[in-house]
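Visitor: Working from the sequences, and respecting the hints, build out all of it.
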Amino acid sequence: MSSNKKYWKSVEELDESSSIVGALKNNEFVEEIPTDEFLGNIDALASSSTTRRDFLKYVGFSTAAATLAACEGPVNKSIPYVLQPEQIIPGIADYYATSVFDGFDFANLLVKTREGRPIKIDNNTIEGANFSANARIHASILSLYDSMRLKEPKIDGKASTWSSVDSKIKLSIADASAKGGQVVLFTNTLASPSTEKLISEFLGKNPNAKHVIYDAVSESEALDAFETVYGERALVNYDFSKASLIVSVGADFLGDWQGGGYAAGYAQGRIPKGGRMSRHFQMESNVTLSGAAADKRLAMSTANQKQALVHIYNIVSNSSVAVTLDPEFKAEVTKVGQQLKAAGSKGLIVSGIQDKNAQILVIAINQILSSDGFAKSGVRQIRKGSNIKVSQLVADMNAGKVHTLIMSGINPVYTLPNSTAFVQGIKKVKTSVSFSLKDDETASISTIAAAVPHYLESWNDLSIVKGNYSITQPTIRPLFTTKQFQDVLLSLNGETGSFYDYIKLNSSEIIAGSTWNQVLHDGVFVGSSVNISVGSADYNGAATTLAKSKSGKGLELVLYTKTGLGDGQQANNPWLQEFPDPITRVSWDNYLTVSKADADKYEMSNEIVANGGLNGSYATITTVDGLKLENVPVIVQPGQAVGTVGLALGYGRKSAMKEEMIVGLNAYPLYKNFDNIQNITLENAGGEHEFACVQGQKTLMGRGDIIKETSLEIFNTKQPEFWNKQPVVSLDHKEVEATTVDLWEPFDRSVGHHFNLSIDLNACTGCGACVIACHAENNVPVVGKAEIRRSRDMHWLRIDRYYSSEDTFAGDNERKENISGLSSSLSTFNEMEKAGENPQVSFQPVMCQHCNHAPCETVCPVAATSHSRQGQNHMAYNRCVGTRYCANNCPYKVRRFNWFLYNKNSEFDYHMNDDLGRMVLNPDVNVRSRGVMEKCSMCIQMTQATILKAKNEGRPVVDGEFQTACSNACAQGAMKFGDINDTDAVITELVADDRMYHLLEHVGTKPNVIYHVKVRNT
Amino acid sequence: MKKVGNHNSITRKLLLGLTLSVIFSLSLFAQEAAPVVAVADVAAAPAVAGAGDAIKGKELFNGNCAACHKLDAKATGPALRGVINRHDMPWLYKWIRNSSELIKSGDPAAIKIYEEYNKAVMSNFPQLSDADIDNIIAYTSEPKMEAPVAVAGAEVLPGAAPADSGMSNNIILGALALVMIVLVVMLFLVNKVLTTVAKANGIEVAPKTPTTPIWKAFARNQFLVLISSVFLLLASAYFVYGFLMQVGVDQDYAPIQPIHYSHRIHAGSNGINCNYCHSSARVSKHSGIPSLNVCMNCHKSIAEVSDTTATPEYSKAFYDNEIQKLYKAVGWDAENQKYTGKTEPVKWVRIHNLPSFVYFNHSQHVNVAGVECQTCHGPVQEYEIQKQFAPLTMSWCINCHRKTEVKMEGNEYYTKIHEELSKKYGVEKLTAAQMGGLECGKCHY
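Heads up: the sequence lines are chains A and B, in that order.
With the first letter of the first sequence counted as 1, position 918 gets the number 918 in the UniProt record's numbering; the numbers rise by one all the way through.
With the first letter of the second sequence counted as 1, position 278 gets the number 278 in the UniProt record's numbering; the numbers rise by one all the way through.
Hints listed in this document are in silico derivations from the structure and should not be mistaken for laboratory results.
From the derived model, a few chain B residues whose C-beta atoms are all more than 12 angstroms from chain A:
(1) T212
(2) Q222
(3) K387
Restraint ranges, calculated between C-beta atoms of paired labels, are given here:
(4) A/A64 <-> B/T393: 17 to 27 angstroms
(5) A/G513 <-> B/N293: 33 to 43 angstroms
(6) B/P345 <-> A/E232: 49 to 59 angstroms
(7) A/R869 <-> B/V358: 14 to 24 angstroms
(8) B/E419 <-> A/G274: 29 to 39 angstroms
(9) A/V75 <-> B/G370: 31 to 41 angstroms
(10) A/V736 <-> B/G248: 49 to 59 angstroms
In this text the structure is predicted, and so the values were computed from the model without any measurement.
C-beta: ideal position from N, C-alpha, C; glycine also.
Guide: Structure below.
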């Protein structure tokens, strides 16, 4: 059944007796808006000296004055090129294939440039370009135009030149070898064959030098485990599309676990085809994107996860290592283990537990299963850091052994847990050089702050997966006086020529069979794939050690990275700050996620206040070492494992940040020993924190049936009418399907193009790449924390998150259990299903639905919004007078009003307020001014451009050419866009699919955005 | 920006009439002048060169040599007037047909030229016969002709006649006005004399019976007041409307540009296709102001305008100075025929300013629809100073979309749509409006 499930947005709603539940159904806000505060005071109103007539006079006069003043237009200048570059035609976009790896994220990209400036990042879809951009990569284009970037090299905080920087470093290195001090290259993981070669040459020339690799968010344990088994420091590049049963023990593989980038492969298996789809079990403590996507999620602490992993190992390998798993999980984990064993090579297990033994067990289980997803897609080289070596370096620095420290791509002062020791140590280093984009925490205390170009201004080569080669090429001339780390290394090695020449020379042996130009054009070169070789270790020993590992006292703090900010490199990026977290829907903050049970225990709560904003309690965290983090805002997170709390890294940056962007708390000091699990005690610190949360806002006013979902069993066995029920309305006292009744005459839409956008709820993982892509494409403004809190966010595309619990259909539950033949575990199972403790999560991207019978159009008094034959609902900004009737009449709440002028306004000091930041604006899309309504246009600038291209070339449009920013960005394939008048188009097939439904079908709006019923393989 | 009213005033029409008549009379005189110049040319030719035919030579020169050589100034190659005085004919035959061979053979004169002109090799012209070369040399041997200028100058004098006749018109008008005044004065005097005579004769002039003044009578007549106030209101509404409607409409906006660029000379006299310079109009949303390197494709060898290009308003010296401005901007050293690398981008004043909320794409109109540039930009080939021809208002756009039939032939994109739409509307030809060209979102996003 699809529709009798209960969906809810906040824990409050589950309480039947709560008055808020009723209030929320009818009102937008729980409490009355305090209009009395400003209207109630009759005396004040009466004593006002401005009468109504005076007021009207002033208005009349100022209108007339403004009209007269507006008569003189400005004189605009046009400055053509003196010498126009051959490849640039003003008005035509050029695309460059490039790749990025910034030490945390990686992707193969196509960068759109206009008149020589990059404005948008798209995925490179050529064969071999396997990694698509996540939200952060999409937003990285704005980081290129960050006005807080380091604009020239600095020595001792003073602007300097590159020649003096070069000579200073050279002198220092010479001095180091004379005095026998260490020279240390302290970098992020490079994954770049040329840079690595360059570094090895440097080490060869300087025997007193060494190279230490550091990953801010460590995967050291997994690397150690892989090294133990296979003798190579790398990570497995899993292929989730080859797995029909996926078991994740604490690994948020749809998020940033081991670099991420698995969502596309995962989503392939999640779309039911021929009655089959993959099954996904997730055991985790925080609610992650992976947990949200899972068919079955077990909320358990890391201590339990370790036991569960050993238990699964026992089952799969027929071993009998003693396990102390909590009884409430035993049955379920046993079931998981048995199913995994039965799945054989189609099974796959992954784990995010930061424990070498746990990671060895994962390899062991996958080896026993001879899992296809494990063995056949090579190894990743995007994490190489070693915790031991980093700790050793800090100790060496403090011991005064390090003479010259050259850092690149890292910000250890901010990210190191023992940052204070590092700061002490750097004072004992003679010369410290920080190659950095910004004058960040580290660069500002280094001797030399060496300004590096952004990756969109740099040359580099990458080998993300062994055997795969890609090139990073500049898409714009360096904006500032910057120099790449590699170019400086070249000159330190005494070589002439640029790093570009070096890569080109170096690549010739790697790209055998192809040419440099071809690889540069494609962006990638597919070499021979390198499968994981054979290896083994003492698996039983590892299992025994793991099973014996003791859990510490107190609550378990699970540190994680958020979809928005990741490791915090791009903290000064307003798009990412304003990006609402997919799970909590909170932007501009990090916070402690606490389970309902624990929140009650510590008397912490969240509440929605009168203006619609969310408030939360503050907590103080104390680690076992006595380290304190005070005033951490608390979010009560349904699904958070009891006894655990979560806190995101990457916030609390202070250096080289715009004032508005300095938000949140730095959690890195708690990241002791690079272990994301810490034992802490919690205290209620009192006070209330104001969140900028879009969770309780834009509610659908009690209208249900927004999300339709069913189970695979029902999907396979029942007719579509059963699980994808069409709403009915009463016509002539008879119930008829809502789609058959209409107030309006239908339009003829059979001519020309008719666009539809399809969203598959099964494939959507809520990653948010589409949200940022939409921002970049459509010049969506950033409004800031205070405005978001007032529900004035400008996101054209939002990803709604709904929690659901199965307490309202116990019958279904029972049947499901009967099928699986494990009815004995029913009682335990039901216990776990208690609402709020472990809800299911559904994501639903919602943008303008482009209704064929749009309610917004009929209420606009000035006909500013109108309908097109192509299915797009048009919004003429210049016609809009800002009555906001349309937004009120929109059942989907997708219209956004410009309450202020967001560009060139110092009140909104984000990218649109500085000349540099405005370079990211798409010249084909208007920048809206104050007082007009705006909304998703279905990227009409893109569809029109596609049509024009076909017209210019004198050919029909081919299927797949029509795209929107969101459908382009969706690597999961959840969003598909096309012309339904093209009978052969993919979209035509999707519209005819049994799973297709419209949002709020009964309203009769006939939308052009379609959704596909979510099917869970429970 | 300059403002222009929405209504055509009578004075404007009168002025236009006057201008037209002036233009026509001017062209009449020009036609008379032309043959005189031609005759002078022909007469001068045989006087100079005996061996070749200078007229044929001119043709050959323009066809083969003019790309790199000028008669009187250095260009890619040396100035050619009087080249016969520098080299003998057999040498010239050899050089023109195959200069590189001559250089290779070690001819000192050849090497000297080769070195002097940055080792640029001159193209070979093996197709030219001795007679052809004789003709060309004959042409280059003509003395520099100052005569046509003088002749033209002399002939232009009658061109001043319309101005003269305008002057005489003014005199006539002035005289007429004077006569009028004299008449009025005389009438007054006669009246006075008659009254005096009557008084002298004792005839009583009937005193004026006091009548209500006309304005009072008018004020009392409510009907008239009503009618006239309605009329006044309507009239003022008409003018206010006219004023408001021209706000933001910059038709005929013709700002002064940093370089006086004449479309009349380029597109008109020289017949250069619009797309040669505005090449992106075919492919992009922007027509593109040509980059300066496009200018230099021609202006590398055109450092000055011909004498006939000058107009009474703009002298040759004026135009030549404008070309020098271009050289300065692009950093071209005309003396040494090379770029200095010092550039000063030209800051043109933008004439056509569409608001940012309007999306307009040139390639859609130029390439797909095949609209002539002149349809929206006016007779550009006649403009000495470029101006905004069209009002660029939305009604102007829409009217055109309503009237213009979509050019669908030979464009496969339209095949299916045309079939469906013509069935729907029952017509063979479809307008842009029927294609959906009136929908808001097609231009506003």
